[in-house]
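Peer 1: According to UniProt numbering, the stretch in the sequence shown is residues 1 to 471, in order.
Since the hints were derived computationally from the structure, they do not count as laboratory data.
Any given hint could be a false lead.
Stated by the list, open to error - Straight-line Cα separation of at most 30 Å, DSSO-like style, residue types lysine-lysine; simulated pairs: (1) Lys157 <-> Lys142; (2) Lys111 <-> Lys150; (3) Lys150 <-> Lys35.
What the hints assert, rightly or not - Per label pair, the in silico range of CB-to-CB distance: (4) Glu401 <-> Phe372: 31 to 37 Å; (5) Thr298 <-> Glu66: 44 to 50 Å; (6) Ser139 <-> Lys260: 44 to 50 Å; (7) Leu367 <-> Arg40: 41 to 47 Å; (8) Ser273 <-> Ser139: 21 to 27 Å; (9) Met398 <-> Asn59: 35 to 41 Å.
Bear in mind the structure is a predicted one, so any value in this text is a computation, not a measurement.
For glycine and all other residues, C-beta sits at the position ideal for the given N, C-alpha and C.
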Amino acid sequence: MKFAHLSDTHLGYRQYGLIEREEDFYNVFNEIVDKIIDERVDFVIHSGDLFEMAKPSPNALLIFQEGLIKIKEAGIPFYSIAGNHDTIMRQNAIPPQVLFKKLGLTLISPKNPTINSSFLRDNDIFIGGTPFISKSQNSFLKSQLNNLSKKSESFSKRILVSHQGIDKYMPFEYELEIGDLPTNFNYYAMGHVHNRIVDDFGKGKLVYPGSTEIWRSNEVSDYKKNGKGFYIVDISENDAETNFEVESINIDLPREFINKTIEYGKLNSELESLETYISSLNNKPVLNITVENGSFNTGDVYKKLNNILSKITLMFRPTFRNEELIKEERYIENNNSLEPRDLLIDSLKSFENEDISNLAIDLLDFLSKDKFEDSVKISDSFYEEYFGQYETEFKKIMKHESKNKIKKTNKETKDSKNINEQDNFENINKDDNKKEEKGKGNKNNGINKEKDKNLKNKDDNKFKQTTINFN
Numbered sequence: 001m002k003f004a005h006l007s008d009t010h011l012g013y014r015q016y017g018l019i020e021r022e023e024d025f026y027n028v029f030n031e032i033v034d035k036i037i038d039e040r041v042d043f044v045i046h047s048g049d050l051f052e053m054a055k056p057s058p059n060a061l062l063i064f065q066e067g068l069i070k071i072k073e074a075g076i077p078f079y080s081i082a083g084n085h086d087t088i089m090r091q092n093a094i095p096p097q098v099l100f101k102k103l104g105l106t107l108i109s110p111k112n113p114t115i116n117s118s119f120l121r122d123n124d125i126f127i128g129g130t131p132f133i134s135k136s137q138n139s140f141l142k143s144q145l146n147n148l149s150k151k152s153e154s155f156s157k158r159i160l161v162s163h164q165g166i167d168k169y170m171p172f173e174y175e176l177e178i179g180d181l182p183t184n185f186n187y188y189a190m191g192h193v194h195n196r197i198v199d200d201f202g203k204g205k206l207v208y209p210g211s212t213e214i215w216r217s218n219e220v221s222d223y224k225k226n227g228k229g230f231y232i233v234d235i236s237e238n239d240a241e242t243n244f245e246v247e248s249i250n251i252d253l254p255r256e257f258i259n260k261t262i263e264y265g266k267l268n269s270e271l272e273s274l275e276t277y278i279s280s281l282n283n284k285p286v287l288n289i290t291v292e293n294g295s296f297n298t299g300d301v302y303k304k305l306n307n308i309l310s311k312i313t314l315m316f317r318p319t320f321r322n323e324e325l326i327k328e329e330r331y332i333e334n335n336n337s338l339e340p341r342d343l344l345i346d347s348l349k350s351f352e353n354e355d356i357s358n359l360a361i362d363l364l365d366f367l368s369k370d371k372f373e374d375s376v377k378i379s380d381s382f383y384e385e386y387f388g389q390y391e392t393e394f395k396k397i398m399k400h401e402s403k404n405k406i407k408k409t410n411k412e413t414k415d416s417k418n419i420n421e422q423d424n425f426e427n428i429n430k431d432d433n434k435k436e437e438k439g440k441g442n443k444n445n446g447i448n449k450e451k452d453k454n455l456k457n458k459d460d461n462k463f464k465q466t467t468i469n470f471n
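I would like the entire structure built from these sequences, with the hints used as guidance.
Peer 2: See below:
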């Protein structure tokens, strides 16, 4: 019995914005499909990043559909997980692979972490796995792996499918440490690392088939050494022992990636040789060229390169190392300036909180792919895990403070009411006193008026009397 193991096909990736590069990825996938059918495998495992994006272009979906139909017509089951590129990390979100369920694709997911088929049961094969899970959710990932390990124990042939970077193979960008993997599987069908890796681990083989095309220029050296393509895995049983033999199936890529370094003093002769070599190729290559050693004007050298290379390459990417730029060249790796992700990882090395560093890297990955909802999801999860308890305590404190404030307010209201009642009582007394005083005043005024009237009458009588006497 044998199966095909591939990963990281990245269908729909338009490298450097060039339609030619997108078509290169499609052509390689189509060739792999034909070879899988020719090999007459019993099933196929794809370990994630089937598509470049979680919402693939119609063209990418169509290319995969055509390939999957061929595989189904050959009677070959296709098992797959979602990688970090074709995953949407939000509740109830589904990856694009589910569109192809009726065409023979079985998706391994958190809801369905194992493959349940009569064919696998009859052959005593366990296949289980997890989609890509970010480093900030590491505890959940480890619990999932432990559960799968327990479920697999009753089978003689055990396959784990996972799309994770492991510290041993990706020291600066890993989501999982090698010691976190369960050791009872016979075959670890890994994805995410773009270089080819076949290693012994636990009771079996740990295998990264790598990307099927050159996704980054720093993959060129591994491609020239180990090739690109997929693996055929032969399962055999000898003396009650299960063996998994791994065979590389190489694919010739449609165009070359050339990394070339030229000394400035030999610029003309080296360009002439390079031009002769490129003209012998079937397709225009992608060229990374470095001009170094010497004092030269980068603008003048670029014009010379452009006049010659723009006509014979799909794209050329120059780097200059003259005396003025030699210091900056320390930051150049594999003929390319460090990308934002690399700079972030480098700067976070001195940061003391590893969990926050991991969150920052995950956020950069998601935001650079416009996965805003995923970014919110992992941020909320991180906040809940690390600060949720403080929020709960804060709410308790605020609730307690609120109760005290209400009690204080009620007391102040009651005291204020008592004061107002006292003031009203005093005001009523004052009003009564005023009325009483006013009444007394009115009575006195009446008496005084009566006295004035009597005095006036007396004066009038005196006047009359005087008048009479005078007359």
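Peer 1: It remains to establish, for every hint, whether it holds in the given structure.
Peer 2: So, going through the hints one by one against the coordinates:
1. A distance of roughly 21 Å separates the Cα atoms of Lys157 and Lys142; the hinted pair therefore holds under the 30 Å criterion.
2. For the proposed pair Lys111 and Lys150, the alpha carbon gap of about 17 Å is at most 30 Å, so the pair holds.
3. For the suggested pair Lys150 and Lys35, the alpha carbons sit about 35 Å apart, so the restraint of at most 30 Å is broken.
4. At about 36 Å, the CB distance of Glu401 to Phe372 agrees with the hint of 31 to 37 Å.
5. Separation of Thr298 from Glu66 is about 46 Å and conforms to the stated range, judged on CB atoms against 44 to 50 Å.
6. Between Ser139 and Lys260 the CB atoms are about 47 Å apart, so this pair conforms to the stated range of 44 to 50 Å.
7. Taking 41 to 47 Å as the suggested C-beta distance range, the pair Leu367 and Arg40 conforms, at roughly 44 Å.
8. At roughly 56 Å, the beta-carbon separation of Ser273 and Ser139 lies outside the given 21 to 27 Å, and the hint is violated.
9. Roughly 54 Å separates the CB atoms of Met398 and Asn59, a value that falls outside the hinted 35 to 41 Å.
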